[in-house]
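With chain A held as given, fit chain B onto it using these hints.
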Amino acid sequence: MANRNTKNQPSSRIVIVGELTIYTVLELKDNLLAGLSTNDELELDLSKVNEFDGAGLQLLVMIKKEAAMLGKVLSFTGHSPAVMELLDLSGLAGFFGDPLLIVRKPTQEGKSI
Amino acid sequence: MIPDEYLQTFVVECRELLEQMEEALLIVEQAAEDPEIINAIFRAAHTIKGSAGMFGIDAIVEFTHAAESVLDRVRSGDITMSSVLAALFIEVHDHLRELINHVAEGTQAGEETDHRGNNLIAQLEAHLGGTKEDRPGNPGEMPVVQEAKLEREQSGAVGTDHWHLSLRFGPEVFRNGMDPFSFVRCLCSLGSIVQLVTLIDAIPDAEHMDSETCYLGFEISFSSEADKLAIESIFNFVRSDCLIRILPPHSKASEYQRLIQALPEQEMRLGEILVKCGTLTPEELDSILRLQSEHGDDPQRPIGEVLVEQQMVSPPVVEAALEKQKQVKENKKNEANLIRVDAEKLDELINLVGELIIAGAGTNLIARRAGMADLMESTATLSRLVEEVRDSALALRMVQIGATFNRFQRVVRDVSKELGKDVDLVISGAETELDKTVVEKIGDPLTHLVRNSMDHGIEPAELRMVRGKPAKGTLMLNAYHDAGSIVIEVSDDGGGLNKEKILAKAIERGLVSEGAMLTDKEIYNLIFEAGFSTADAVSNLSGRGVGMDVVRRNIQALRGTVDLDSVEGQGSTVRIRLPLTLAIIDGFMVGVGNAAYVIPLDMVVECIELRAWAGDEGDGQYLNLRGEVLPYRRLRDHFDMQGEQVQRENVVVVGYGDHKAGLVVDKLMGEFQTVIKPLGKLFKGEKSIGGFTILGSGEVALIVDVPGLMGQIEHEREASEVALAAASK
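Line by line, the protein sequences are chains A and B. Letter 97 of the first sequence, counting from 1, is numbered 97 in my numbering, and no numbers are missing. Letter 684 of the second sequence, counting from 1, is numbered 684 in my numbering, and no numbers are missing.
Keep in mind that the hints were calculated from the coordinates and are not lab data. A few of these clues could be false.
What the hints assert, rightly or not - Among the chain B residues that face chain A by a calculated CB cut under 8 angstroms, a handful are:
| # | residue |
| --- | --- |
| 1 | L26 |
| 2 | I27 |
| 3 | E29 |
| 4 | F181 |
| 5 | C214 |
| 6 | Y215 |
Please read these numbers as outputs of a predicted model, since none were measured by experiment. Note that beta-carbon positions come from the ideal geometry of N, C-alpha and C, so glycine has one too.
So here's chain A without its partners, still in its complex pose:
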């Protein structure tokens, strides 16, 4: 787990690397809230997230709501496959409203009894 905060651009961007799970959310929460408080526009790069669970999802929901409340622009970019899968499952993609590249795994399609 690591995250970097780069402030050399007009709109700042945070890259979340590794896990976005119950093991990292505590620390990430503070980081993200700090990032949000110092910038009007924040971009969260999720391309390096290799694990993503319900706790991570919850955190993203919270930060998104928080941004909306503060009137700031928060966007998620570069959704990694792990993120995509869970967003798809939860049906929350629309809530976040970020442009997504939809890739459907054919193997998962409609296997049911």
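Just chain B now, kept in the frame of chain A:
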């Protein structure tokens, strides 16, 4: 391999479903689409898939799934059911039938079958492709709830036949090392998630949020064949601190009401989610909320109305869903009224009833001999009851011929494609009932007759036009009851039979001697002779006789007869006459000398005294019955009985089909319930006796086979006529 009884039930059920499916497909192929029929097809496929899944027969599950997916799209209106698609589904049906047959026989499907299956799946998938759409996100707004579209899109089907799961995870779930989504994934192994709504309302703002506490909840509409226990067991680990509600498909409105009350979210909000999940229709939700407000204090605006107004759910969809639900429920009710009984048990019952009748007759006899009025009265009551028991026992075995007839829709369809002829099948008398054993055995001869009629009876379209007939040929299947027998007719409006050619053929084959005088009917019926079944018959009637002797033999084995009527240029009709039952009949007992004979009561027209009413015209062959010529025969002569002739002989007039004949007997002994026992092989050659029965006294009475006897009389008469004609020439 002997399949266990469950598997057998599965096979039987699947075959029934396939039959329904075939019937529905044939209708769809012909006519415009009717949602109910498509639903029927879908239900059949769905049930087969479900049951096959229970037995772990993956080949069937996989195959049916492909079919079901397409059907589902048809049902939701994404794809139209064209005749091409219907034809494809008929192939699908055939393949399924074959797979089921393999299951029934415990064999493995061959490579060819697999190949065909894959081919069909590919074709089905071709119909699926291209129509899938993904919903783009809506970046401008911040909707609180988004629908998840998982697996197949179920847009049209308002999922009243889905499970509904409400899950609110406890705060400690994450800390206990579990992820709510892993349960969702687990669910996928039991079925398919139709709709999933993730509830994020409970997530507090940044300040109050503990990122390690779980705030998540789901409302899930879930399609699965699994039972409640299996679904519940998924949540075993989180049972204690989570709120889990599982409502099975078709739950009562009150249960949803309770669900809404039990969940922490607001009623309106929840209702909305339920509707989004497809679990409730707005109407249902409406009634639930109204029900609630009756108990509560503040009346609410029905949410359903709001939803429909906002066009979130279109009213027709809702109506269709409600309609569908109603029908499913009705079907369930009908099913509950039927019991599946082993045919062997029925046979046993009928056997016992047979024995009961014989025993009852014995008691009757003893009572009469003893002359006890009381006893006689009570045996009379007893025998009336036994008679009723007999009738209802026999009725159990009676099935309508409709199902057998309907199978021919398919035969006609296939054969007309094969031959390139356009033929309509018209069925009438489908509700005529007959014995199950007869129904089972009549299928093959009928198929033969139908194929024959289509192949050789109905002319090609061009020829029909020339003859001034509609281009489309008509084949009729008809059934009706007549004089204790059932008559099945196969008629066509084709070219009919060519008398001269048949006669020439018969003479060539040595079936008739040259110069024989035959009636039209006799000539037509020559095609049932064994010698006629040759592949190289004359062109115009080629094959007309092929296997017809087999047809006749099959029907005779059922104690039936078959004959043929034909009008050249207008068509022909094959008439099969079968006894209603094979086991017990109402008989009319007559005495000749010391012996008793039983004549089937249904065939008895009247009884008269020979000398008083009907005069022998002298030649010993015909009676004058009120001016009508009636061929007759003395049973005494026929069976070569010894003994003195009695003073007052009686004539029993019997009728069968168009024929009437008189049987002269010594004594009339009245009605008698007759349990037919078959005669041994030794008597096979004797046409005039159909079997025997045991009388109450323990004596044996022979049962007169009226059609056989009449055939014999007629045959002898013809023979003498021919001889006479030959002599006079």
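Comparing the hints with the structure gives:
Against a cut-off of 8 angstroms between C-beta atoms, the interface hint on L26(B) is violated, since the closest Cβ of chain A lies about 28 angstroms away. Contact between I27(B) and chain A, as hinted, is not supported at the beta carbon level, the nearest pair being about 28 angstroms apart and thus beyond 8 angstroms. Proximity of E29(B) to chain A is violated relative to the hint, the smallest CB-CB distance being about 26 angstroms (cut-off 8 angstroms). At its closest, the beta carbon of F181(B) sits 5 angstroms from a beta carbon of chain A; the interface hint therefore holds under the 8 angstroms criterion.
Restraint check, C214(B) versus chain A: the minimum CB separation of about 7 angstroms is within 8 angstroms; hint holds. Given the 8 angstroms rule on beta carbons, the hint for Y215(B) holds: about 6 angstroms separates it from the nearest Cβ of chain A.
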